[in-house]
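4 protein chains.
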Amino acid sequence: MNHKHIKQIDITKKSSVDEIMRQMEAGGFGAKKLSEAATILEAAIKDKETKVFLGVAGALVPAGMRKILRDMIADGWVDVVVSTGANITHDIIEAMGHHHTVGSEKADDLELRDKKIDRIYDVFLENKAYEDLETYLHKIYADIPKKKMGVREFLFEIGKRIDDENSILRTAADKNVPIFCPGIADSAMGFHAWSYILDNELSVDVFEDMKEIMAITWNSKNSSVFILGGGVPKDYILQAMQFSPKEHSSAVQITMDRPEHGGLSGAELRESISWGKLGKNATHATVTADITIALPFIVAALKERGL
Amino acid sequence: MNHKHIKQIDITKKSSVDEIMRQMEAGGFGAKKLSEAATILEAAIKDKETKVFLGVAGALVPAGMRKILRDMIADGWVDVVVSTGANITHDIIEAMGHHHTVGSEKADDLELRDKKIDRIYDVFLENKAYEDLETYLHKIYADIPKKKMGVREFLFEIGKRIDDENSILRTAADKNVPIFCPGIADSAMGFHAWSYILDNELSVDVFEDMKEIMAITWNSKNSSVFILGGGVPKDYILQAMQFSPKEHSSAVQITMDRPEHGGLSGAELRESISWGKLGKNATHATVTADITIALPFIVAALKERGL
Amino acid sequence: MNHKHIKQIDITKKSSVDEIMRQMEAGGFGAKKLSEAATILEAAIKDKETKVFLGVAGALVPAGMRKILRDMIADGWVDVVVSTGANITHDIIEAMGHHHTVGSEKADDLELRDKKIDRIYDVFLENKAYEDLETYLHKIYADIPKKKMGVREFLFEIGKRIDDENSILRTAADKNVPIFCPGIADSAMGFHAWSYILDNELSVDVFEDMKEIMAITWNSKNSSVFILGGGVPKDYILQAMQFSPKEHSSAVQITMDRPEHGGLSGAELRESISWGKLGKNATHATVTADITIALPFIVAALKERGL
Amino acid sequence: MNHKHIKQIDITKKSSVDEIMRQMEAGGFGAKKLSEAATILEAAIKDKETKVFLGVAGALVPAGMRKILRDMIADGWVDVVVSTGANITHDIIEAMGHHHTVGSEKADDLELRDKKIDRIYDVFLENKAYEDLETYLHKIYADIPKKKMGVREFLFEIGKRIDDENSILRTAADKNVPIFCPGIADSAMGFHAWSYILDNELSVDVFEDMKEIMAITWNSKNSSVFILGGGVPKDYILQAMQFSPKEHSSAVQITMDRPEHGGLSGAELRESISWGKLGKNATHATVTADITIALPFIVAALKERGL
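Residue numbers (this note's numbering), protein chains in the order written: chain A, 2 to 308; chain B, 2 to 308; chain C, 2 to 308; chain D, 2 to 308.
Careful, some of the hints might be misleading.
If chains are identical, the list can't say which one is meant, so a pair holds when it fits in one copy or spans any two.
[Stated by the list, open to error] When the alpha-carbon atoms are kept at most 25 Å apart in a straight line, the in silico SDA-like pairs for lysine to any residue are as follows:
no.: 1; residue 1: LYS247; residue 2: MET97
no.: 2; residue 1: LYS212; residue 2: ALA44
no.: 3; residue 1: LYS8; residue 2: ALA75
no.: 4; residue 1: LYS68; residue 2: TYR197
no.: 5; residue 1: LYS14; residue 2: ILE41
no.: 6; residue 1: LYS148; residue 2: THR40
no.: 7; residue 1: LYS14; residue 2: GLU305
no.: 8; residue 1: LYS149; residue 2: TYR197
no.: 9; residue 1: LYS247; residue 2: GLU269
no.: 10; residue 1: LYS148; residue 2: GLU213
no.: 11; residue 1: LYS222; residue 2: ASP19
Please keep in mind that the hints were generated in silico from the structure rather than gathered at the bench.
Taking the hints into account, I'd like the entire structure generated from these sequences.
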């Protein structure tokens, strides 16, 4: 066996994030996986011929991960984003000046209902944000070109009209990083489009984006997957390769979901090798962790490494 | 406190599923939740003025749940279905005559890749199924009306053209039960639409369904939620009520996801009370279980009860 | 590949527990594992030359599993029991006539404290039970022989003095099934021994049981492991084989714990093959499920099968 | 509501562990819990009148956490340790000069068996270590006083005889920090005691420690609980207060176990308020995380804070 000795991790008052992360490489369990994730991601970002696909699921923006995600785009770490509708919605809500707040997950939901405060575990948002969002979005919808488009272009048009440099959507538009959101209908953006199209025209096609995502996968020399959570973004990023002659060359996933019940979110990354989504020689690591814990330390370590 | 005595569950060789399920009501932990789920669902199905919304996520069709889901529709248990694209895809694949097989989750994915067999935990499918699916779907796509439609109508048109009475999609079309699939682009159906629209016309609008799902929620007297898994189906069913003056009157969820990391899939149902998605007096139960274990026993118990 | 076709599970109003369980064998995910667990356990119980080791962790007695566990011993299904101290304590508490009750896991713990009610998730117990337990145990302790003994013999002496035919401890004493409890000091029995030995003599040796458990493993022709939960009982049952020339010939585990963080409770059973605890050809299955859901259905299926 | 605004976490190349940890306090989900855990632990360690009880479960020493745990004792952070037998065993094995190694959790257990290598997820140990351990322990057992003692004293006697300043057991003996191990019989130490007592005398009493742990709880002005994992150490530390007029004044737990199935390991800390184990006004936080990820960053943050 070509095993490495476990080195007992040694923490001093001067230990930096990356020093700890590198020590974890000679540890076991989650520590080892976290360290491997950083190493794989570092290599993918540094290689100019590798396209990095970022999948974003879970309520990351409400929990304080917005700036980190925005910076990953701004700093050129990622080339393609696939997101749930929720994170985009919450990005816009923050761009409008609304704030998420943090309290206790034990809050009384009946009382919150009376106060019109929406709860996401221990994070809260005034329901008024959704009313304001309707007005805000309708104004933007009225401004964007009246032509049939895909969701990617639709989000690009919205992003250009958001006046907040900390916005994920705006930053992606500025940097020309495509954001795909195959489940956009399942979001407040979708429901507010409903009230809009009652009286106005808006034409966003379900399948239009396929051409673009397929073109990206067919034309990528190498590609790396960085999945936060699972869900539709994970599936979409991986599946794009199933129907392409290429395959992803490395992959990292951070999730709390588990594999035994067969859901894709918790599926082992090696499973996607059987499908031709991930390469047979691909490096990959799954970190079983809360993203809000793992992501900040991974990003800090990579910045220390000069990224 | 108005507590009931725990009664020690007593199993004999004649214990039927429902006898066990009813005993579980006086037990604790998961047993109690399973029993409550059956009771809530029974009441919802029996009440003619309650619309039952079924959410289907996770690879349920591959794992052997297709007939159960199909029967729930055929027997009039559910009024609205919201599904992932994957379950619909696998339903069609079985309708075409392909079979899923079961083996070991320890299978070598590199070997599977060489044999062109796709793995979903311990369930397998020849990749050829996806090639055949393309041909099958293109034929159907060519046959359906050339007009702008929503995903619901698109799936209805496909369902009518599936020649398999055990098909979920076909049964729903026959029974006029709408199937919504907000994330359809993220499925083999979506990717095969891509190859189709390279040369042909197909116009499925992202936001078109909003009118229908909103009309259903606005017009429902009572409504009950039965969520298998989580993901987009859970979000869509609940969110439809956020933007409606109504609210769901009861809810059941079976999931293995957990709440602490803030993802919607594992979120407590009571959280949706704060949002106005679930009523303040709604009965609700979350069963922390593998759906393939919990669902067959719940369905068997309800059938014993005469449903 | 030697794969079996998935058969879509079909439930009718006459489906018995075992009919469903047998159908699950041709399903995937948790359903398949549950079915395999029943099959492995059935074979182990039926083989007269196989010793069945039952590991009991988690608050199973409080949640309503006491009669099931007691019957497994009374019906000769198990030959050796390894338990946490808690299940034994709660068995005695029920034997004394105290009742566990069931309510909501959302109960206010501060209010419960004022009412002197102890909470175990959604199961409750008056704290007075522990006061009565002290009196009850001190009386028994005074009656048992004054000699150095191991925990196994200590529990046997207590069991003989419990006047309740539904008691696990009493039934095991009657059937001469040894109950090991290596962590007994960590239980109310241990803490009440403390108040006893302040004024009285009691001599229970930590290592005395080793001789007995080792003799059992050395002399077993075949042995099968049925682990409910994990913890000390899992470790003890498996480890007894590490230091024996024999090995367990089959194994079933029902647990909600997961393997990635390296704890033994969630460790895959195959891991114990590397240690020489489980045989290289052993059949084994881990069911990822709440024991209170899975166990009653497994037991019902086995009883239908004539056990 | 007295909610704080979520502040989007901002990572630069100069962000130190503690700067990130402090930012997490204004985030949500796991990040917030991690930050709270550090704050609670910091306060407990700094308060000279607070006794800190450390519970250690899970294979932490094999995974690289030995030095961190040892330093917590050496630096005076903890006053009482309750451990599983496994961590103590692996501490001794490292003291003997054996090394754990790290590889892949996908390793073939049958092959490992042939090579006599034991697997703990992705960590490995030559089985020879256990043979050497027997010789090593028997020598120590022969040297320690021949009198009836509790496990705490037994471990103290062993610790004094270990020649390794990085040993947890030795450091605890040097610093006079008691190590309790109520489940010691369930460990290689226990099984090697068996082979010893076949020919020699050794008398370790199960209940003897009760006097000491109860004396500590009765005499503590304040006490704080720091639970790594769960299992017997968690139960023992909390239960010691159930039978004492005092109660723990703060508590932190890091675990991946979940509460719904009623096991103590995953139980919410607030549950122990109902039992009188934790004070009604106690601060407490549960971090749902792999200990090998969370612990190094917590320790690093506290060292930055001057501890």
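Outcome of the hint check:
1. LYS247 / MET97: neither (40 Å within a copy, 28 Å between copies)
2. LYS212 / ALA44: Neither: 28 Å inside a copy, 46 Å across copies.
3. LYS8 / ALA75: Classified as between; 19 Å across copies, 36 Å inside a copy.
4. LYS68 / TYR197: Neither, since 30 Å and 39 Å both go past 25 Å.
5. LYS14 / ILE41: This pair counts as between: shortest inter-copy Cα distance 19 Å, intra-copy 28 Å.
6. LYS148 / THR40: The answer is neither: 43 Å in one copy and 50 Å across copies each exceed 25 Å.
7. LYS14 / GLU305: Result: close both inside a copy and across copies, 17 Å intra and 5 Å inter.
8. LYS149 / TYR197: Result: close both inside a copy and across copies, 16 Å intra and 18 Å inter.
9. LYS247 / GLU269: For LYS247 and GLU269, only the intra-copy Cα distance (20 Å) is at most 25 Å; the inter-copy one is 34 Å.
10. LYS148 / GLU213: both (17 Å within a copy, 23 Å between copies)
11. LYS222 / ASP19: Cα proximity of LYS222 and ASP19: none, with 29 Å in one copy and 39 Å across.
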